[in-house]
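Turn these sequences into a full structure, and let the hints steer you where they fit.
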Amino acid sequence: MTWLKELLRGTPEMALFVSLALGYAIGKVRVGGLSLGGIAGTLIVAIFVGMFSGVTLSDQVKNIAFALFIFTLGYMSGPSFFASLNRRSLRYGWFTLIEVVAVLTVTTLAILLLRLDVGTAAGLMAGGATESAVVGTATDAISRLPLPAAEIRALQANVGTAYSISYICGLITIVLLTSQIAPAVLRFSLKDEADKLWRRISGGQPGEDATTALPGVVGRAQRVTAAAGSTVTEVETALGGSATVERVRRGDRSIDLRPGTVLADGDVLVLFGRREDLVRADDVVGPEVSGTGALDLELDQADVLLTRKDFAAAPLGDLRREIPAEQRHGVYVTGITRMEQGLPVQPGTTINPGDVIRVTGAGKDVRAFAGRFGVRLDQSVKADFIFIALGVILGMLIGKITVPLGGIPLSLGTGGGCLLSGLLFGWIRARRPTIGQFDSAAATVIKNLGLATFICAVGLSSGPAAVALVGKYGISLPIAGVLITLVPATVSLLVAFKVMKLAPPLALGAVAGQQCSTPAITAVQAQAGNSTPLMSYTIVYALSNVVLPLLGPIVVALAHAITG
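Residue numbers are given in the numbering used here: position 107 of the sequence shown equals residue 107, and the series is strictly consecutive.
The set of hints was computed from the structure by calculation and includes no laboratory data. It is possible that some hints are incorrect.
Cross-link-like lysine-lysine pairs, in silico, DSS-like; alpha carbons within 30 Å at most [unchecked claim]:
1. K400 / K447
2. K309 / K382
3. K472 / K5
4. K28 / K447
5. K191 / K501
6. K309 / K501
7. K191 / K28
Dropping the structure here:
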């Protein structure tokens, strides 16, 4: 295998893409319903590649990748993070607070009992909290310690190795606890509880905007027979109140359309609405006719960034009721997205500034409706690189600010600085949507690629030291990793059920959110059978996603102070 070693050493960039390809392939493998995910898979593969070849990536590559990841993370979290700082949403902040206090407490005990070095302690905490960003902020903080360069490299290598061990343990623990163990121990059916919550937020009905189980909003052309003599309003009411009459053709011309317009036999109506409402159109109006020029309205769809401050923590139903009937006529909310997570489209679903609302209807109606509560996103602009680059520069400058604490130079570093600048720029974008566009799909790609590249670089440099670290601490690292996950999650479940009296889907979603665990919320959703757990998950995730990465420098300073 000498030729392969030489190939990788001669082209280190190849080791990166080998690790990415194999890591993401391994991350997709499901064992008992669990999968590691691409990031953890990449780290494990990179450790073995590093052990095999001795290849490392330059610090510049690692720093650039992490800066792009952490800035984008802050940018995407910014609108939801600041929108969550209201009385109704901040009650979920208890979950993030419990996570922070418990994680730091268990990590401190592990440092004292196991005599963990700084790197191992930071990696253990990052993996137990299942927060990959902590690896970057801790690694950056270690580079600033007043230690010899060789010792710093060894400690940074230990971060990646300890993270890979504790992450696997933490992932299995949080997924099983939230989706299987908690419902079994507390004796409730998550699916039944999710159904109850769904009916509650929809007022006992599917909801006027409930489209999650439907193919979408459709158009129909119907010839008036049964509805002859009825008014437009009477027809719309008979169709369920959600379908709308968009145009009336009488003979060879379109007539003036008003709520009180009386329909005549032979008129052709253009109807828009949910498919389940329009299936009754043949009985209510008359037979459907083929497209012979009657159905000549284009169905438009727009993603609108919610910017209205008065809709913070407001039910979706309030949005529709606040807008004049003539402006919402024929417009349907067909999706709500927060931080790339889809929320239930129900009147009782809480919305916040920064959410993306998808509306569907006739073009003129969609334009009027969207302008009332936000700004339509321009899908032709994927990324404003001027805005992004300035944000990263500001973050790097913030990261250079150092405050001495007990003789230890404490700073946010590139990671913490870019996270804060990302939050600021994401907030600016939400306030001024016409500048700094960063399409969510493009942001997701940059975030994931940046993190995967950084994690690969950490794994490659960790390879040679992995065997020694495992041999030194043995089974104590996995046990500590499980406790770092289990203790805060258990405390949070007790608080959620006994103190806050949350519905089970919201309680489990919040616990998954405090761990920033996508696999956990995916498992909870699968058991729930609907998206109700996401209503709490997205709020807590936005808070924890910002706070947990900032623990990296704190743990490094804490471990350094304890171990000397």
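Status of the hints after comparison with the structure:
1. A C-alpha spacing of about 22 Å is found between K400 and K447, which places the hinted pair at or below 30 Å, so the restraint holds.
2. Only pairs whose Cα atoms come within 30 Å are accepted, and K309 paired with K382 is accepted, the gap being roughly 25 Å.
3. Between K472 and K5 the alpha-carbon distance is near 28 Å, which keeps this suggested pair within the 30 Å criterion.
4. A threshold of 30 Å between alpha carbons decides the hint, and for K28 with K447 the separation of about 19 Å falls inside it, so the pair holds.
5. Among the hinted pairs, K191 with K501 is consistent with the structure: their alpha-carbon atoms are about 18 Å apart, no more than 30 Å.
6. Only pairs whose Cα atoms come within 30 Å are accepted, and K309 paired with K501 is accepted, the gap being roughly 28 Å.
7. Simply put, K191 and K28 have alpha-carbon atoms about 26 Å apart, close enough for the 30 Å limit, and the pair holds.
Of the numbered hints listed earlier, not one is contradicted by the structure.
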